[in-house]
Structure formats: structure tokens, C-alpha cells
Amino acid sequence: MQDFGEAFRLAVSLVLSGDADLVEIVALSLKVSLTAIGLACVIGLPLGAIVAITRFPGRNAVLILFNALMGLPPVVVGLIVYLHLSRAGPLGFLGLLYTPTAMIIAQTILITPIVMALSRQVLEDLNAEYAEQFRSLVLSRWQQVRALIWDARFSLMTVALAGFGRAVAEVGAVMIVGGNIDHLTRVMTTAIALETSKGDLSLALALGMVLMVIALGVNAMVQSLRMTAVRHAYA
Amino acid sequence: MPMRDVALNTVMTGNGADGTALPMVPDIRAVTTSDLCLTIGDKPLIRDVSLSLSPDGITMIMGPNGAGKSLLLRLIHGLLPPSSGGVLWGGQTLSDDLRRAQSMVFQKPVVLRRSVAANVEFALKARGVRDAARRDALLDHVGLLDHARQPARLLSGGEQQRLSLARALATAPKVMLMDEPTASLDPASVLKIEEIVLEARANGTKIIFVTHDLGQAGRLADDIIFMNQGRLHEYGPSDLFLSRPETQAARDFLQGRIVA
Numbered sequence: 001m002q003d004f005g006e007a008f009r010l011a012v013s014l015v016l017s018g019d020a021d022l023v024e025i026v027a028l029s030l031k032v033s034l035t036a037i038g039l040a041c042v043i044g045l046p047l048g049a050i051v052a053i054t055r056f057p058g059r060n061a062v063l064i065l066f067n068a069l070m071g072l073p074p075v076v077v078g079l080i081v082y083l084h085l086s087r088a089g090p091l092g093f094l095g096l097l098y099t100p101t102a103m104i105i106a107q108t109i110l111i112t113p114i115v116m117a118l119s120r121q122v123l124e125d126l127n128a129e130y131a132e133q134f135r136s137l138v139l140s141r142w143q144q145v146r147a148l149i150w151d152a153r154f155s156l157m158t159v160a161l162a163g164f165g166r167a168v169a170e171v172g173a174v175m176i177v178g179g180n181i182d183h184l185t186r187v188m189t190t191a192i193a194l195e196t197s198k199g200d201l202s203l204a205l206a207l208g209m210v211l212m213v214i215a216l217g218v219n220a221m222v223q224s225l226r227m228t229a230v231r232h233a234y235a
Numbered sequence: 001m002p003m004r005d006v007a008l009n010t011v012m013t014g015n016g017a018d019g020t021a022l023p024m025v026p027d028i029r030a031v032t033t034s035d036l037c038l039t040i041g042d043k044p045l046i047r048d049v050s051l052s053l054s055p056d057g058i059t060m061i062m063g064p065n066g067a068g069k070s071l072l073l074r075l076i077h078g079l080l081p082p083s084s085g086g087v088l089w090g091g092q093t094l095s096d097d098l099r100r101a102q103s104m105v106f107q108k109p110v111v112l113r114r115s116v117a118a119n120v121e122f123a124l125k126a127r128g129v130r131d132a133a134r135r136d137a138l139l140d141h142v143g144l145l146d147h148a149r150q151p152a153r154l155l156s157g158g159e160q161q162r163l164s165l166a167r168a169l170a171t172a173p174k175v176m177l178m179d180e181p182t183a184s185l186d187p188a189s190v191l192k193i194e195e196i197v198l199e200a201r202a203n204g205t206k207i208i209f210v211t212h213d214l215g216q217a218g219r220l221a222d223d224i225i226f227m228n229q230g231r232l233h234e235y236g237p238s239d240l241f242l243s244r245p246e247t248q249a250a251r252d253f254l255q256g257r258i259v260a
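These protein sequence lines map, in sequence, to chains E and U.
So the first sequence is numbered by my numbering: it starts at 1 and just counts up by one.
So the second sequence is numbered by my numbering: it starts at 1 and just counts up by one.
For reference, chain E alone in the conformation it holds in the complex (with noise of 0.2 Å):
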């Protein structure tokens, strides 16, 4: 076991150097994670503005669903995926379990109703200040849908980003349907989960340094995208 301060330097000369480990994990960590955002917002947008902009008997029973959802834990999602994909399973012919595009489905199931639930409460508020318009203009729904999406770009940018910080932190379900596989499906958290219990504190720390500057980076661009749509008054 390496004390704290020794981890820490190897940490550091681990990033500065680009090793060449480090940089496969972390490469296919944005890939997985960004390709599971794209995913739920191509999914959960649209649906999450039809909500917006619709009545309907039990639609408040939808809302519950939709905001219980975001709380799914990642080990349960991460285990039904399992089961779907596992060769006894449905979808066993398919050959996922223990692939990158497992870990992205699991993923794009994880976050789907995030950005469904969040983009349903921004795409409503603006919907309220432009409902009338839309009617008396006789837009049909998916005009309607089109036009939310597109002036509400700001906030759904900000929407997408929560979901990709959930994503690329997440651990359980990826572990499960990914198997963290050395050079096939090892991402940055199941990286560090491991190193860690191995006692090889460098590299899950320089993983940990990566993963916390993307998380700040998030933070920036959410806090840069705020500040554009205030000045240019789209917020």
C-alpha cells in the first residue's frame, strides 16, 4: 500500500506523461458516456416536450414515474440489462454482455429519465409563456415540439450535461454489463474501484484526478452556457 503523498506524484507524472493505459480508459469512458447522453437526449427530448406540452388522464401519474425514475439505482438497471443480454437471456443472441455497447445501453437506460424529467419542467415553463401563440398561430404538435426544443437549447444543454456527469461517474451498472475488462471495457470509476482494492492507489488516483477535471469542465460549460443565454436574453 503506497501512503497518500507518493500515489499523489505517480498520479501526477501518470497524467503528464499520457499513459498510454490511462488514456485508453479514459477515451473510451467519453465514449461510452457521450454516446449515452446522445442517445437519451435523441429519446428522452422529445419525449419529455410531448409531456411538456400535453394533458391526458394520468398525466400526473406519468410525472411521478418520470421523476421516480431518475432516481433508478445503477446496480439494478446494471443487472436487468444483464439479465436481457446474458446468454440465457432475450437478447443473449445478440452477443452485448461484456461490450462497450452493453455499457452504453445501461448508461442511456440510467439517464434517459433524467433528461426526460428535467427537460419535461424547462420545455412546460416555456410552453406556458408560448401556448397561446402556438394555438392561435395552429402549429401542429411536432411544430410545437420542434420550436420548444430549439428555444429552450440553452437550458437543455444544461439538462444534457447533468446527465453526462451522471453518466461518467457511474459505476454499478457499467461494472456489471461491461465486466471491466482490461482494454475492452475498463472505464475510468470501474478503474478506480479496482485499482483501489488492489492497494494501487496511482493510477485510481490519476483516474480520479480526470474524472474531476471533466467534472469541472462540466461545471464550467454549464456555467459558461447560463451565461451566454443571459446575455444574448435566451435564458
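No lab work stands behind these hints, which were simulated from the structure alone.
Please note that a few of the clues may not be correct.
[What the hints assert, rightly or not] Some residues of chain E that are not near chain U, with every Cβ distance over 12 Å (derived): (1) Ile50; (2) Asn67; (3) Pro90; (4) Thr101; (5) Asp182; (6) Met212; (7) Ile214.
[What the hints assert, rightly or not] Listed below are the simulated SDA-like cross-link pairs for lysine to any residue, each with C-alpha atoms no more than 20 Å apart in a straight line: (8) U:Lys125 x E:Ser140; (9) U:Lys174 x U:Gly204; (10) U:Lys108 x E:Glu132; (11) U:Lys108 x E:Phe134; (12) U:Lys125 x E:Glu132; (13) U:Lys108 x E:Asn127; (14) U:Lys174 x E:Val138; (15) U:Lys174 x E:Arg135; (16) U:Lys108 x U:His212; (17) U:Lys174 x E:Leu139; (18) U:Lys108 x E:Arg135; (19) U:Lys125 x E:Val138; (20) U:Lys125 x E:Ile149; (21) U:Lys125 x E:Ala131; (22) U:Lys125 x E:Trp150; (23) U:Lys125 x E:Arg135; (24) U:Lys125 x E:Arg141; (25) U:Lys174 x E:Phe134; (26) U:Lys108 x E:Ala128; (27) U:Lys108 x U:Ser184; (28) U:Lys108 x E:Glu124.
Each residue gets a CB set at the ideal place from its N, CA and C atoms; glycine is no exception.
Position chain U relative to chain E; hints supplied.
Quick look at chain U alone, frame taken from chain E:
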């Protein structure tokens, strides 16, 4: 309810070149309401309003706060469903096609989070038109061409309302419904908007305009609807209404007294 001699017309007729009678063509600018009611909860907000408006000119809806002016406007534009009674435009019930021939300007301008030019483009695209020259002409018409690239929400209140007007005009409406579009604007902005409204009327657009402003009614109105407590009290030519109102409520309103 006094109904004075206003030009009531729900159809346009004429003869063809060979002298034969043409079929009666409904004028979709002429609105008729029959026993129109709106009740929310157990509170009646609009009560038995029956009206037949001329398809031409500017009809002003006046009355004290809470009279139901804005609700009546929304009911006839179809933004609110009536509790009972009906609205006919040119003898037809309100359909999406008919509503596409109308546009509405709201008291608080609805400004999309886009540039000034994109706000007008939005209305043009809603009618399937992509025409930058027409967009610029509309912006020029309302005096906003120099602001075309600016974020619309950075415009002043008067400019935002002119932008709303440009967007309303972009759909080439046959009927324009305006809910106190000049409330809380400075005199110069009011004047500019009134000029645009008068020009729209001259081009054949029917205007239905809610206002509290007696001076504005005198300048713009061809006929006036006076509402109080959700009821239609008077409807007649503006000069008659303004000089010789027939109901006590209208007299109180015109003299600046609290309307019972």
C-alpha cells in the same frame, strides 16, 4: 342590450360578368356569436353574448377591468372553448383553416428566444413560406429592420409589441385580434402601432381590438362593443357610443367613474 345600426354583413354577393348571380360566398371576416357563455368553476365569466360584427373596419371591445373583454376575444378566436353558445365566422364553425386566416396579438408580447428576424421567420414558416425579402419587408414596415439580427428579448416593450405585430401580419391574416396591444407603452410606440393597425384595416383586414383607452377608441374604432361583468351592454358605431352611450354603465365608464 342596445344594438344600434351597424353594418351587419355575413356574406358577400355579386353578379358574374354575364349578369348571372354568383353563389353566396361567406365572408370569413364576419363573426357571429350566439348566447356565448363561459363559466369557470361556478363563476360565470361571459354571459349570453350574442353579436354579429361587420366584416370590415375596426371593432373595439371596451369595458372596465374584469368585464370579460379579453375572454371574449379568446372565445371568438377559439383559444378558449365556450361553456355554451357558439361562434361562427362567415357562417362556419371555427376550424383550423379558418383560424389560419386569423392572427392574434397579446397584451404581453410573446417573444421567442431568437433573433428579431427569426421571430418573423417563425410565423412565415408556420404558413410554409420561406421568403427573406418578405421577412425584411415586414420588419421594415414595423420599423425594426435595423434590429433584425438582435436577440428579440433585448428589444424595448414597444419594439417587442411591434415585432409581435410583424409576426401577426406575416401570416397575411384576414382578421387580426388584438388584446390591449398598447397597454403600458409610451405615446410614440402607441402611435406607431396605431399607424400599422390603420394600414392593416385599409388593406382589408378586419381588426378586433381590446382597449381601455377612450382616446384610442376615438382615433381607431369604427364600432364599439361595451362589456361589463361578462355581459354585452352596448354595441354600435363608435361616434354614437362615445357621444351618447345608452346604458348607465357605459356612461359611468366614459366619465371615468367606477362602473357598477
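Going down the list of hints, with the structure as the test:
Remark: the non-interface label on Ile50 of chain E is consistent with the geometry, its nearest Cβ contact in chain U lying 19 Å away (cut-off 12 Å). Non-interface call for Asn67 of chain E relative to chain U: holds, since the shortest CB-CB distance, roughly 26 Å, exceeds 12 Å. The Cβ of Pro90 of chain E lies farther than 12 Å from every Cβ of chain U, with a closest approach of about 44 Å, so its non-interface assignment holds. Non-interface status of Thr101 of chain E relative to chain U is upheld: no Cβ of that chain comes within 12 Å, the nearest being about 37 Å off.
Against the 12 Å criterion, Asp182 of chain E stays outside the reach of chain U, whose nearest CB is about 48 Å from its own CB. Distance check for Met212 of chain E against chain U: the nearest CB is about 33 Å away, which clears 12 Å, and the non-interface claim stands. Listed as outside the interface, Ile214 of chain E is consistent with that label: its C-beta sits roughly 29 Å from the nearest C-beta of chain U, beyond the 12 Å cut-off. Straight-line distance between C-alpha atoms of Lys125 of chain U and Ser140 of chain E comes to about 12 Å, which keeps the hinted pair within the 20 Å bound.
For the suggested pair Lys174 of chain U and Gly204 of chain U, the alpha carbons sit about 7 Å apart, so the restraint of at most 20 Å is met. Distance check on the hinted pair: Lys108 of chain U and Glu132 of chain E sit about 11 Å apart at the alpha-carbon level, within 20 Å; holds. For the proposed pair Lys108 of chain U and Phe134 of chain E, the alpha carbon gap of about 15 Å is at most 20 Å, so the pair holds. Annotation: proposed proximity of Lys125 of chain U to Glu132 of chain E holds, straight-line Cα distance about 18 Å (limit 20 Å).
Distance check on the hinted pair: Lys108 of chain U and Asn127 of chain E sit about 15 Å apart at the alpha-carbon level, within 20 Å; holds. With a C-alpha separation of about 15 Å, the suggested pairing of Lys174 of chain U with Val138 of chain E holds against the 20 Å cut-off. Taking the CA atoms of Lys174 of chain U and Arg135 of chain E, the gap is about 17 Å. The hint holds against a cut of 20 Å. Only pairs whose Cα atoms come within 20 Å are accepted, and Lys108 of chain U paired with His212 of chain U is accepted, the gap being roughly 15 Å.
At most 20 Å may separate the alpha-carbon atoms for a hinted pair to count; Lys174 of chain U and Leu139 of chain E meet this at roughly 18 Å. Of the pairs offered as hints, the one joining Lys108 of chain U and Arg135 of chain E holds, with about 16 Å between alpha carbons and a cut-off of 20 Å not exceeded. For the given pair, Lys125 of chain U sits about 12 Å from Val138 of chain E by alpha-carbon distance, which is consistent with the 20 Å threshold. For the given pair, Lys125 of chain U sits about 17 Å from Ile149 of chain E by alpha-carbon distance, which is consistent with the 20 Å threshold.
Distance restraint check for Lys125 of chain U and Ala131 of chain E: the Cα-Cα separation of roughly 17 Å lies within the 20 Å cut-off, and the hinted pair is therefore satisfied. A C-alpha spacing of about 15 Å is found between Lys125 of chain U and Trp150 of chain E, which places the hinted pair at or below 20 Å, so the restraint holds. This hinted pair checks out: Lys125 of chain U and Arg135 of chain E have alpha carbons roughly 15 Å apart, not beyond 20 Å. Annotation: proposed proximity of Lys125 of chain U to Arg141 of chain E holds, straight-line Cα distance about 15 Å (limit 20 Å).
At roughly 18 Å between alpha-carbon atoms, Lys174 of chain U and Phe134 of chain E fall within 20 Å of each other, so this suggested pair holds. A C-alpha spacing of about 13 Å is found between Lys108 of chain U and Ala128 of chain E, which places the hinted pair at or below 20 Å, so the restraint holds. The straight-line distance between the Cα atoms of Lys108 of chain U and Ser184 of chain U is roughly 10 Å, inside the 20 Å bound, and the hint therefore holds. As the CA atoms of Lys108 of chain U and Glu124 of chain E are separated by approximately 19 Å, the hinted pair is consistent with the 20 Å bound.
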